[in-house]
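Student: Following the hints, position chain L against chain B.
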Amino acid sequence: MIPARHAPVLVTAGLFAALFILGALQYDGFGTLRVFLNLFTDNAFLAVTAIGMTFVILSGGIDLSVGAVIAFTGVLTAVLIQAGWPLWLVFPLVLVIGGTFGAGMGCLIHFYRLQPFIVTLAGMFLMRGLAVVVSERSVPIEHSVYDAVNAAGVMLPGRAFISAQAIMLVIVLAGALILAHYRRFGTYVYAMGGNAESARLMAVPVARTTIGIYALSSFLAALAGIMFSFYTSSGYALAAVGLELDAIAAVVIGGTLLTGGYGYVIGTLVGVMLMGLVQTYIAFNGSLNSWWTKIVIGVLVLIFVCLQRIRIPTRAATGSARE
Amino acid sequence: MKQLITLIVSAIAIAGCGSGSSEGGADDQLTVGFSQVGSESGWRTSFTQAVQAEARDRGIDLKFSDAQQKQENQIRAVRSFIAQGVDAIVIAPVVETGWKPVLTEAKRAGIPVVIVDRNMALEDDSLYLTRVASDFVEEGRKAGRWLMEETGGDCDIVELQGTVGATAAIDRMTGFNEVIANYPDAEIVMTQTADFTRARGKEIMETFLRAMDPADICAVWAHNDEMALGAVIAMKEAGIDPGDDILVVSVDAVPDIFKAMADGDTNATVELSPHMGGPAFDAIEAHLRGESVEKLISVNGDLFTQETAAEEYQKRTAG
Numbered sequence: 000m001i002p003a004r005h006a007p008v009l010v011t012a013g014l015f016a017a018l019f020i021l022g023a024l025q026y027d028g029f030g031t032l033r034v035f036l037n038l039f040t041d042n043a044f045l046a047v048t049a050i051g052m053t054f055v056i057l058s059g060g061i062d063l064s065v066g067a068v069i070a071f072t073g074v075l076t077a078v079l080i081q082a083g084w085p086l087w088l089v090f091p092l093v094l095v096i097g098g099t100f101g102a103g104m105g106c107l108i109h110f111y112r113l114q115p116f117i118v119t120l121a122g123m124f125l126m127r128g129l130a131v132v133v134s135e136r137s138v139p140i141e142h143s144v145y146d147a148v149n150a151a152g153v154m155l156p157g158r159a160f161i162s163a164q165a166i167m168l169v170i171v172l173a174g175a176l177i178l179a180h181y182r183r184f185g186t187y188v189y190a191m192g193g194n195a196e197s198a199r200l201m202a203v204p205v206a207r208t209t210i211g212i213y214a215l216s217s218f219l220a221a222l223a224g225i226m227f228s229f230y231t232s233s234g235y236a237l238a239a240v241g242l243e244l245d246a247i248a249a250v251v252i253g254g255t256l257l258t259g260g261y262g263y264v265i266g267t268l269v270g271v272m273l274m275g276l277v278q279t280y281i282a283f284n285g286s287l288n289s290w291w292t293k294i295v296i297g298v299l300v301l302i303f304v305c306l307q308r309i310r311i312p313t314r315a316a317t318g319s320a321r322e
Numbered sequence: 000m001k002q003l004i005t006l007i008v009s010a011i012a013i014a015g016c017g018s019g020s021s022e023g024g025a026d027d028q029l030t031v032g033f034s035q036v037g038s039e040s041g042w043r044t045s046f047t048q049a050v051q052a053e054a055r056d057r058g059i060d061l062k063f064s065d066a067q068q069k070q071e072n073q074i075r076a077v078r079s080f081i082a083q084g085v086d087a088i089v090i091a092p093v094v095e096t097g098w099k100p101v102l103t104e105a106k107r108a109g110i111p112v113v114i115v116d117r118n119m120a121l122e123d124d125s126l127y128l129t130r131v132a133s134d135f136v137e138e139g140r141k142a143g144r145w146l147m148e149e150t151g152g153d154c155d156i157v158e159l160q161g162t163v164g165a166t167a168a169i170d171r172m173t174g175f176n177e178v179i180a181n182y183p184d185a186e187i188v189m190t191q192t193a194d195f196t197r198a199r200g201k202e203i204m205e206t207f208l209r210a211m212d213p214a215d216i217c218a219v220w221a222h223n224d225e226m227a228l229g230a231v232i233a234m235k236e237a238g239i240d241p242g243d244d245i246l247v248v249s250v251d252a253v254p255d256i257f258k259a260m261a262d263g264d265t266n267a268t269v270e271l272s273p274h275m276g277g278p279a280f281d282a283i284e285a286h287l288r289g290e291s292v293e294k295l296i297s298v299n300g301d302l303f304t305q306e307t308a309a310e311e312y313q314k315r316t317a318g
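Line order of the protein sequences matches chains B and L.
Residue numbers 0 to 322, in numbering that gives the first Met the number 0, belong to the letters of the first sequence in order.
Residue numbers 0 to 318, in numbering that gives the first Met the number 0, belong to the letters of the second sequence in order.
Hints were generated in silico from the structure; no laboratory data involved.
Please read these numbers as outputs of a predicted model, since none were measured by experiment.
Just so you know, even glycine gets a beta-carbon here, dropped at the ideal spot from N, CA and C.
Each hint should be verified, as a subset may be incorrect.
[Unchecked claim] Now the in silico label distances, taken between C-beta atoms and shown as ranges:
| hint | chain 1 | residue 1 | chain 2 | residue 2 | range |
| --- | --- | --- | --- | --- | --- |
| 1 | L | Thr190 | B | Leu244 | 27 to 37 Å |
| 2 | B | Arg112 | L | Arg209 | 35 to 45 Å |
| 3 | B | Ala147 | L | Thr190 | 38 to 48 Å |
| 4 | L | Arg288 | B | Val95 | 51 to 61 Å |
| 5 | L | Ala214 | B | Trp87 | 56 to 66 Å |
[As the list claims (entries may be wrong)] Here are the computed lysine to any residue pairs in the SDA-like style, where the Cα-Cα straight-line distance is at most 25 Å:
| hint | chain 1 | residue 1 | chain 2 | residue 2 |
| --- | --- | --- | --- | --- |
| 6 | B | Lys293 | B | Ala16 |
| 7 | L | Lys69 | L | Gln83 |
| 8 | L | Lys106 | B | Ile166 |
| 9 | L | Lys69 | L | Arg144 |
| 10 | B | Lys293 | L | Gly37 |
| 11 | L | Lys294 | L | Met147 |
| 12 | L | Lys69 | B | Leu9 |
| 13 | B | Lys293 | L | Glu122 |
| 14 | L | Lys106 | B | Thr31 |
| 15 | L | Lys69 | L | Met119 |
| 16 | L | Lys69 | L | Thr103 |
| 17 | L | Lys106 | B | Asp146 |
| 18 | L | Lys69 | B | Arg127 |
| 19 | B | Lys293 | B | Phe35 |
| 20 | B | Lys293 | L | Thr103 |
| 21 | L | Lys69 | B | Gly297 |
[To be verified] If you want the footprint, here are the derived chain L segments under chain B, 3+ residues with CB under 8 Å:
| hint | region |
| --- | --- |
| 22 | 73 to 86 |
| 23 | 90 to 96 |
| 24 | 223 to 235 |
Bound-form chain B, shown alone (with noise of 0.2 Å):
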């Protein structure tokens, strides 16, 4: 009845369906849709970042480079429009640094044969390391677009808020669907994940897809930097550190998997989402030590990954999962 590649996907929004009821039976104001949609605001860095991450892991490789990229991106911001420079500049040129900043990582990948994960983990270092020399202490941002950004949005009955972040990710995500989905670029992705070797026989432009897939989640890194940016008013070079495992995770638990060719871009929404509704839950049942959200979240990996050994036994079998 329901194809077996679905599957991953359905488990996660089945666990996050049970545990959204389970909240709302033990604790008032859980099963509001105020608490759902603060999942979209709470989370729209994270979800963006994974949403990058996951073009990365299904092409095959990794990026751990993330999390530096958003500090970076999110310290740099903070210090131009504090030194009087305007939003139209800024964005658009920390925007083009963290995509040149992508496609350089990708470039050493693709050219000099290197391990996606050692390129990454250097950027990693670097854009840390450059957040702290931009500036060590965080960066308050004041300034009038902020403040009415942070303030824009839809209030629903009930308190219920479609915030600025909210909206940013829905536009991203619907962006990333069409682009892994209905483009030849996802394709390319697909099938370099697939089988490298084959996808080169089949005339994939490896060069420029693997450039392409770090330029796009180095891009999306620092879109989300910027959304991190609103989300705090500041810009801070110690921010979101281990993020990129967090999106990582986030990926795994929406079903993709690590070895790559294999997952859905809405999975990783879902992911997300399931992630921020555990530590939701032990924030309103305040006498849980918060770690459990990292319990939970490495036990959920971990099935997932099992379960995709035992869902998908060969890759040959299933062939592309891409429709």
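Tutor: Below, chain L alone, put in the same frame as chain B:
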């Protein structure tokens, strides 16, 4: 699939049964959300426990959230508290900046916020009810004065700084430097951040010992006890007698430092009082009664030396 659904349904049923009795407290019971930085040091843990004990004594339902040193976790927790409709929120912030959006939301929801420990950079002081804090600058001064008296104002000091940008690090440095500025022979010869942790304290101290002749170092000034304890290990491994060859002065007064002082490994510590829960809850209760509250409540600690260390250690570990 069917099995999964059965499992979920039964889990819900079990949880549903268990929840009814535990959540149904008296209506007039105060619910307070407390967002803590993390559990990175011994002092932080005593602070958390002091607040939890204080809440228990007063019959307050305390919702506790450990942010694991991340501001985004703190903002999420505070927003969860707001959605839950708690009566008040206590925040011990990770960093100074970035609180305006979430505090504005709390204000709109009519929930008073008390800032404890580290500061927040806010222009609009209507966003919070009050701030309960130690006077970090005074702590730095106390440590500086003690060291200057001990050495007669002639001392080459190495400094272990706290986390970059943290109020405690900035203010303690300010207070200490203010005092030693009056002594021309006292000087900070090397300074680096060790993130308030023991492991980093040891690492940075090792670097210091390699970078210069240990005989030229007169004292270690650490922004907290954990880093001082790390430095003690580094010095012992290098064959130096800490507390004798090199003086060690720090801030916080966690139980472990009293043991180190009793053993003669460190020399002095300034107490950072972990009892900030009491004044915070006092302020919240006064506010809910309709009384006005001061915007800053200061908590002060004393300086302890080796003389009373053994006694203090017993007192602090017994309770």
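Student: Please go over all the hints and tell whether each is borne out by the structure.
Tutor: These are the hints, each one checked on the structure:
1. L:Thr190 x B:Leu244: 27 to 37 Å: Distance hint for threonine 190 of chain L, leucine 244 of chain B holds at roughly 32 Å.
2. B:Arg112 x L:Arg209: 35 to 45 Å: 38 Å, holds
3. B:Ala147 x L:Thr190: 38 to 48 Å: Between alanine 147 of chain B and threonine 190 of chain L, where Cβ atoms are some 41 Å apart, the hint holds.
4. L:Arg288 x B:Val95: 51 to 61 Å: Holds: the Cβ-Cβ distance is about 56 Å, inside 51 to 61 Å.
5. L:Ala214 x B:Trp87: 56 to 66 Å: Hint holds: Cβ distance 59 Å, inside 56 to 66 Å.
6. B:Lys293 x B:Ala16: OK: lysine 293 of chain B and alanine 16 of chain B at ~20 Å, within 25 Å.
7. L:Lys69 x L:Gln83: 21 Å, holds
8. L:Lys106 x B:Ile166: Measuring from Cα to Cα gives roughly 24 Å; hence the hint holds.
9. L:Lys69 x L:Arg144: 34 Å, violated
10. B:Lys293 x L:Gly37: Given that 25 Å is the threshold and the Cα spacing comes to 14 Å, the pair holds.
11. L:Lys294 x L:Met147: Violated, at about 34 Å.
12. L:Lys69 x B:Leu9: Violated, at about 31 Å.
13. B:Lys293 x L:Glu122: Violated, because 35 Å separates the two Cα atoms, which is more than 25 Å.
14. L:Lys106 x B:Thr31: 21 Å, holds
15. L:Lys69 x L:Met119: 15 Å, holds
16. L:Lys69 x L:Thr103: 20 Å, holds
17. L:Lys106 x B:Asp146: Since the Cα atoms of lysine 106 of chain L and aspartate 146 of chain B sit roughly 15 Å apart, the hinted pair holds (cutoff 25 Å).
18. L:Lys69 x B:Arg127: 16 Å, holds
19. B:Lys293 x B:Phe35: 21 Å, holds
20. B:Lys293 x L:Thr103: 29 Å, violated
21. L:Lys69 x B:Gly297: Since the Cα atoms of lysine 69 of chain L and glycine 297 of chain B sit roughly 19 Å apart, the hinted pair holds (cutoff 25 Å).
22. 73 to 86: holds (count 9)
23. 90 to 96: holds (count 3)
24. 223 to 235: It is violated, with 0 qualifying residues against the three required.
Of the numbered hints listed earlier, those contradicted by the structure are 9, 11, 12, 13, 20 and 24.
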